[in-house]
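Make the full structure from the sequences, and use the hints.
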Amino acid sequence: MLDEIAFRNHADAALHSLMQSLITAEESADIEVEDQAGALQVSFEDGTRFVISPNAPVQQIWISALSTSFKLDWSEARQDFVLGKTDEPLKPLVGRLINQQLGEDVVKM
1 MLDEIAFRNH
11 ADAALHSLMQ
21 SLITAEESAD
31 IEVEDQAGAL
41 QVSFEDGTRF
51 VISPNAPVQQ
61 IWISALSTSF
71 KLDWSEARQD
81 FVLGKTDEPL
91 KPLVGRLINQ
101 QLGEDVVKM
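For what it's worth, the numbering used here labels the leading residue of the sequence shown as 1, then goes sequentially.
The hints are simulated quantities; they were obtained by calculation from the structure and are not laboratory data.
Simulated DEER-style distance windows between Cβ atoms:
{"id": "1", "residue 1": "G47", "residue 2": "E76", "range": "36 to 46 Å"}
{"id": "2", "residue 1": "D30", "residue 2": "E76", "range": "33 to 43 Å"}
{"id": "3", "residue 1": "G103", "residue 2": "I5", "range": "35 to 45 Å"}
{"id": "4", "residue 1": "G47", "residue 2": "A77", "range": "36 to 46 Å"}
{"id": "5", "residue 1": "Q100", "residue 2": "E34", "range": "18 to 28 Å"}
Every value quoted in this text rests on a predicted model; they were computed, and no experiment measured them.
Idealized CB from N, CA, C, for every residue including glycine.
And the structure:
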């Protein structure tokens, strides 16, 4: 288990990198991304919104998307936050969820 400072450093770096990738994805997909006090919000034209945020008490990054909560843990081996159920790292998972919401394969991360 990470200490709080290590978790915060990993989460901040992961969310910053994700934000940069999402800004690039805005050019090819009909999405809008915003940083809301440390949580990323991805908004879609139909009003749907995904929220991606760090949860320090449990040391996870949580994604609220597609009426589901995805909880990613830090993987020391992968040096990334990973969804245990599918073994997907943060960026590919977010890309897949966005593509699912859009109904087309336009976002690559």
